[in-house]
Amino acid sequence: MLYELAPPFALVLVAAVLAAVLPRTPGHAVGVLATGAVAALSWIVPEGTYIDVDLFGVFDAVVYNVDPFSRLMGLIFGFIGAAAVLYSYASDADGSQTAIALSYVGTSLGAVYAGDWLTLIFFWELMAVTSTLLVWYYGGRAVRSGFRYAVLHGIGGSLFLAAIVWHYAEVGTVAFTGGGITAGVPAALAAIGIGVNVGFVGLHAWLPDTYPSPHFAASVFLCVFTTKTGVYGMYRAFPDGHLWIAYMGGAMAVFGAFAALLQSDMRRLLSYHIQSQVGYMVAGVGLGGAAIGHGGKYYHELATAGAFGHVFNHILYKGLLFMTVGVIIYRTGKESLDHIGGLGRHMPLTAITFAVAALSIAGFPGFNGFVSKGMIIGAADKKHLEALWYLLLIGGVGTFLSFIKLGYFAFLEGEYSGTVEDANIGQSIAMVSVAGLCVLFGLVPGLLFDILPVSAEAYEYTTYTTGHVAEGLVLALLGLVGFAILRGPLHHVGRVPDIDAVYNRGFFYGGRVLVVGVTELYALLDRGAVRFVSATYWVGANPTLAVLRVSRLLPQSFQPAWTEEQPQTDGGAPSRLYIRAGIGTSILLLASVLTVVLVVVL
Amino acid sequence: MTEELLPVLLIVVPILGATLPLVLGLFRERVGWAVAAGTLSVEAAVATWLGYAVYIGDQRVVHVLGGETFGRKEVTVGEFDTEGFIVGIELVADALSGLLVVLVALVALAVLAYARRAGPRRNAFYSAYLLLTGGLMGLVLTGDLFNLFVFLEIVGLMTYALVASDRSGASAVAALKYLIIGTTGASMYLVGVGYLFVRTGTLNMVDVSRVLAGEPAWVENALYSEPLVVASFGFIAVGLATKAAIFPLHTWQPDAYSESPDSVTVLISALVSTTAAYALARITWVVFSPDFFAANPRTVELLLAIAAVSVVAGSLLAAMQRRVKRVFAYSSVAQFGLIVMAVGTAVHPAAGDQATQFAVYGVVVHLIGHAVIKGGLFAAIGALNSSAGARYVREYAGLAKQRPFLSGSLAVLGFSLIGVPPAVGFVGKWYIGLAAVEAELWPLVFVVFASTLLTLLYVARLLEKLYFTPLAAETDTEPRPAVAADGGGSVSYGMVALAVLAAVLAVGLGFAGAELTDAVQPLVEAIQESSPEVHP
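Chains H and F supply the protein sequences, listed in that same order. Per our numbering, the very first residue in the first sequence carries number 1; after that it's consecutive. Per our numbering, the very first residue in the second sequence carries number 1001; after that it's consecutive.
The shape of chain H in the complex, shown without the other chains:
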């Protein structure tokens, strides 16, 4: 088949190379074409297409494998990739940055189209490298946060790798068996390793640290791939879900939403919302097992479908949010809500698309977030996991609150002095097309169900029921009321410390202790080695003296007799030790050996 000749990651990586060497305009064009082609390919390449290679004669690696889950991921990655490249082009991103971004897209595609653990971890690690480069490329403050990002993802990737190695040792194959990763230690390692990527509470601090730092167009790429590939990996590792993972998802949803509420930096706020939204997806993956909670009829199918539907929708509206915020930064040069306001009248298109994205992320009826979030919340409800259900609802309130805050302070409140233009044409095309999809998938949820990897018959979810709509409206109302009460305090909160304040310090001081300790230990060993070597040198140079000194330790009667004439040094040259046996001694030796031999053998 022809399709096997063009695995998506290869297309995009070739485009990345071209984008790096071509001038800016054709480079971006190639990028749009390649990512668009990936979206198209994901749509048409039939399931079961694969490329396998025999790696080192030991591993049967499947570098390209098309199944319903990877198809969905490929489709949305390809689409948003194309939109983001277009947005980058419109936002004056230079060719090299887009080339790096494309390599990041390519490695993410490699990860989601991987047919075995080895290929998955290979692209997973590469994805961490390319995304770090994307952050670093911006320079300045981004270098430091990029470094923290790299360290954390290095640790996470290593844990995941360890899990895979352990899994291989247990199972004897690296191929996906459908049963996920071996339970026990490998599963725990994988959960924590992937947990770094999806931003488990406590492992999430890289998100708000890194994503606001680079170029605002780079943020559009970043907000999409790493965390969503993480969700995909989580599903591969835990296809039958896990209750703890589900609760971790709930905790992430709440924590992320309320931490976002306290932010003033727009992209930082959005980054916390990635954690919150990924929390819903992780909850969906966690619920995706028949054994989790109340069995019921196929509710775990609903959860899995919801998780991947939310991945799909989230990529659309979160990409859109970063685009709109990017436009504000592009036009005003301001990052913080404290310095802007009243932009709605100056940039109506941005305001409208932002409203679409905000309503989508908050799960307002009629927008795509409502569909998939509802599925996950519904699954938690049906499985009678009340605590999780409440967590997810509270997360929803927090989401409303923080997006009302963002929209209110950016577009409504106050008056922006001076003139500000709206998004330029390229940005507008990217934003409007994504916004259109948000609305489309919200109004016609059947379209979404058609492309989800779990067939719609399996879970029979009706989006627009009175209960669901009422739920969405109540959450929105609670958000409005809450914002009305909290409006004053929420403005000018200042920077709120997160968990990274603890472990950055811990890392720094711990690292200092470690470095000083290692240096001192090395110095100690070094001194010892040098002393040993010089002692050996001395013995080599003065063997007679050495023998003499050793023999002084022996009892008097055993000491060899030294004549006074024995030269200690030989005309400046080191003295020599004569240990040649004479004829008599030799015969004695021979006789002794013979005696010993006879005594032993007889």
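It should be emphasised that the hints constitute simulated quantities derived from the structure, not laboratory data. All C-beta atoms, glycine included, are put in the ideal place defined by N, C-alpha and C. There may be inaccurate statements among the hints.
[What the hints assert, rightly or not] Here are some, though not all, of the chain H residues that point toward chain F, as calculated from beta-carbon distances under 10 Å: (1) V32; (2) L33; (3) S586.
[Claimed, not checked] Take a look, some chain F residues computed to stay more than 12 Å from chain H by CB distance: (4) G1071; (5) G1234; (6) P1422.
Chain H is fixed; fit chain F onto it per the hints.
Just chain F now, with coordinates in the frame of chain H:
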């Protein structure tokens, strides 16, 4: 049928040839080299023919000295009549001795190319040279234990003469030391053979082996556990270990190697200890057979222990030396330790068929490989001595620039000695190590590993001097009266060619490892089945 004459020709030709330099010397001076070259060319041709018959023709060539009167006949011992016991002396060329025959003939011929310029040039020297070759051939070919002693003595006496042919005081002392120790060793061997003769009534290797196994009617059981037999192995092993220079019986060897003329060092380092080790291997494997060691496991353990000590002690002593010749002389102590280790491993009760096979491969490959490597090393060292006057390790500083071919050969041979693949030194050591692993004799595995590191120690020191230490200051190198005193002072193409040829062979034989091991397959089977005769 004519092949049966070949073994005796191999012994007779050089011994008769040895008389010629003396006779012709009456008419012309310096005729020795030409006579030796002619004789040894014939010898090499005959040896090749024999090798062809043994390995390509798959024959076990046997010659019974003395013609029709002698041979395998019906013998009456007391009231027992036995078929097929021998009267007289057999010469046997089989899968093991065939390789050694070819090795001896070719090395003896090749070293002549070196001796032409390097000397000594007296006719008597070449008589001794030819006699030594004849003795080595006899030692390799004989199938008779007492006859082996005779050839051992011929070899010994000629070696003493050759060592002393430098006509310096030091070489005379070295020769005397060798004479006394070597003769004592040979006597030990003779005592052992005497014990065996007393108990078995025969001296033929095959017959002794059969009697020891309890095959004839007049012995009731196998004689393996009889003290006389065990003691005889002890004497024979100690005697031959002295000849092969196993620590601590090696004391004659460094002096003999370092004080003799360079040509002699090349010859005896390549052949003399090699044939002694061959004799030990043959007697251990074929005469005493694995069954003997199964009955007396402590015997083989002691052999292994001594060999292992020899490997480590020899290497350490080599690393301590300053004279290059002594470095490699002690290195031989270590290498023969390795060979004896493999000889013992092959018959160790813990060794399965696989281990035996690998051990035999190891012995054969390393015997031949070591002969080539060590001969080549001493040729290179000798040539460096005559051309640059370098005798001590420190004098090798920066010589690589002046003598690229000799230094290059030295480096290749040195690496081969260490056991760097693909050279032959690696193949031999690999099999020896593999045999120890298969037999699960872990201390031996460690020793093989350690020997590699220790060899690296002294070879690397030399190569570092050669290649990485700048040439010593002119004032240091200026006074070199030693060059003139050595009599040579120049290097012939033959001398360099021998070193280069050895280096090429050392690498080439590594690729021929499979052919070598295939050639000794009959021997492996004979040992595995405890058969006294090695039939193809």
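Structure-based check of each hint:
1. Using the Cβ-Cβ criterion of 10 Å, the hint placing H:V32 at the interface with chain F is not satisfied: the shortest such distance is roughly 55 Å.
2. Interface restraint check for H:L33: the shortest CB-CB distance to chain F comes to about 52 Å, outside 10 Å, so the restraint is violated.
3. With a least beta-carbon distance of about 4 Å to chain F, the hint placing H:S586 at the interface is held under the 10 Å criterion.
4. The beta carbon of F:G1071 sits about 35 Å from the closest Cβ of chain H, which is more than 12 Å, so the claim that it is off the interface holds.
5. Separation of F:G1234 from chain H is inadequate, the least Cβ-Cβ distance of about 5 Å not exceeding the 12 Å criterion.
6. No Cβ of chain H approaches the Cβ of F:P1422 within 12 Å, the least distance being about 23 Å, so the stated non-interface status holds.
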